[in-house]
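Numbered according to my numbering, the sequence shown terminates at residue 64, and the numbering increases by one at each position without gaps.
In case anyone wonders, no lab produced these hints; they're calculated from the structure. Errors might be hidden in some of the hints.
Claimed, not checked - Under the rule of at most 30 Å between Cα atoms (straight-line distance), these lysine-lysine pairs were calculated in the DSS-like manner:
hint, residue 1, residue 2
1, 54, 30
2, 16, 30
3, 30, 46
Stated by the list, open to error - So the derived label-pair ranges between C-beta atoms look like this:
hint, residue 1, residue 2, range
4, 38, 59, 16 to 22 Å
5, 5, 27, 26 to 32 Å
6, 6, 56, 16 to 22 Å
A quick note: this is a predicted structure, and the numbers were derived from the prediction, not measured. C-beta atoms are modelled at their ideal positions from N, C-alpha and C, and glycine is treated no differently.
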Amino acid sequence: MDEYITLDEAAKICNVTRAAIYRWQKNGRITLYKKGSRTVVKRSDIEEIKRKTEEIRPFN
5 MDEYITLDEA AKICNVTRAA IYRWQKNGRI TLYKKGSRTV VKRSDIEEIK RKTEEIRPFN
């Protein structure tokens, strides 16, 4: 069963703002869901984005 987390939790995991989470949704990278009055996202989707962004960090 999928685990859902709040946008604040997702933003903290990826070290981004809530606005970035909404941009990802707008760009089709993730799907947002409504759970009652809360907007949530699948933890697995956020973990996948985090993994991908860690792979492409700039080399300085």
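Q. Among the hints numbered above, which are violated by the structure, and what are their numbers in rising order?
A. 4
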